[in-house]
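Chains A and B are the protein sequences, given in the same order. Take the first sequence: its position 58, counted from the start at 1, is 66 in my numbering, and no numbers get skipped. Take the second sequence: its position 7, counted from the start at 1, is 47 in my numbering, and no numbers get skipped.
In case anyone wonders, no lab produced these hints; they're calculated from the structure. The reader is advised that the hints may include incorrect statements.
As the list claims (entries may be wrong) - DSS-like, lysine-lysine: derived pairs with alpha carbons at most 30 Å apart:
1) B:K95 to B:K150
2) B:K94 to B:K146
3) B:K143 to A:K21
4) B:K93 to B:K108
5) B:K143 to A:K65
6) A:K65 to B:K95
7) A:K65 to B:K146
8) B:K108 to B:K143
Okay, here's what each chain looks like letter by letter:
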Amino acid sequence: KAGVTQTPRYLIKTRGQQVTLSCSPISGHRSVSWYQQTPGQGLQFLFEYFSETQRNKGNFPGRFSGRQFSNSRSEMNVSTLELGDSALYLCASSALPGVGKTEAFFGQGTRLTVV
Amino acid sequence: KNEVEQSPQNLTAQEGEFITINCSYSVGISALHWLQQHPGGGIVSLFMLSSGKKKHGRLIATINIQEKHSSLHITASHPRDSAVYICAVSNYGGSQGNLIFGKGTKLSVKP
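With these hints in hand, go ahead and build the complete structure from the sequences.
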């Protein structure tokens, strides 16, 4: 069974640009959550999608957005990039909504560097 | 004050030693997770528990709901156990189950 796949693994962008990250969950999983990890703040919840609907959103500005497709693959988008957006972005999939209530399977992450 | 506190922040052990990592939380939870993150960045879920104790190989996780405290134990530690161990809780209430994370414990096991 394939695991959670995130693409790309590494990305370098310039301030002001936008970026789109992709996450393919484990087959059969319909819940996808996104997290940002920085040295200063640690892991922080971004948002969760289940069956193409955003169920919950963390405390991030509107520049951070996401969506989920009918095949459960999810994308997150960050517009007008800032230096502080440099981070490891992780997604996790689970079979049921409410990622904290069921076992979550994480991807390898996308490391975004904003210069 | 963080809602999830871990101790210690850094831990160095000799191969074979018994290791304990602690996690305290201040919110009502529906579940607590122990996660392992290797230098490459990927995270592996080790345990999800809401009461009592779970064991998987050399790893044991316990939780005391009344005291809002959990421990992760590693018996007969090995250099391959070197990683960051992260405690995360699933919060009750309006958050609908998303995770709140501790800052992590960086474990280094020397041969």
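A quick look at each hint next to the structure:
Taking the CA atoms of K95 (chain B) and K150 (chain B), the gap is about 24 Å. The hint holds against a cut of 30 Å. With a CA separation close to 22 Å, the supplied pair K94 (chain B) and K146 (chain B) stays within the 30 Å bound. Pair hint K143 (chain B) plus K21 (chain A) holds up; C-alpha atoms about 27 Å apart against a cutoff of 30 Å. Simply put, K93 (chain B) and K108 (chain B) have alpha-carbon atoms about 14 Å apart, close enough for the 30 Å limit, and the pair holds.
At most 30 Å may separate the alpha-carbon atoms for a hinted pair to count; K143 (chain B) and K65 (chain A) meet this at roughly 21 Å. The suggested pairing of K65 (chain A) with K95 (chain B) is violated, with an alpha-carbon distance near 33 Å, which exceeds 30 Å. Among the hinted pairs, K65 (chain A) with K146 (chain B) is consistent with the structure: their alpha-carbon atoms are about 28 Å apart, no more than 30 Å. Restraint check: the Cα-Cα separation between K108 (chain B) and K143 (chain B) comes to about 17 Å, which is no more than 30 Å; the hinted pair holds.
Hint compliance for this structure: hint 6 is the single one not met.
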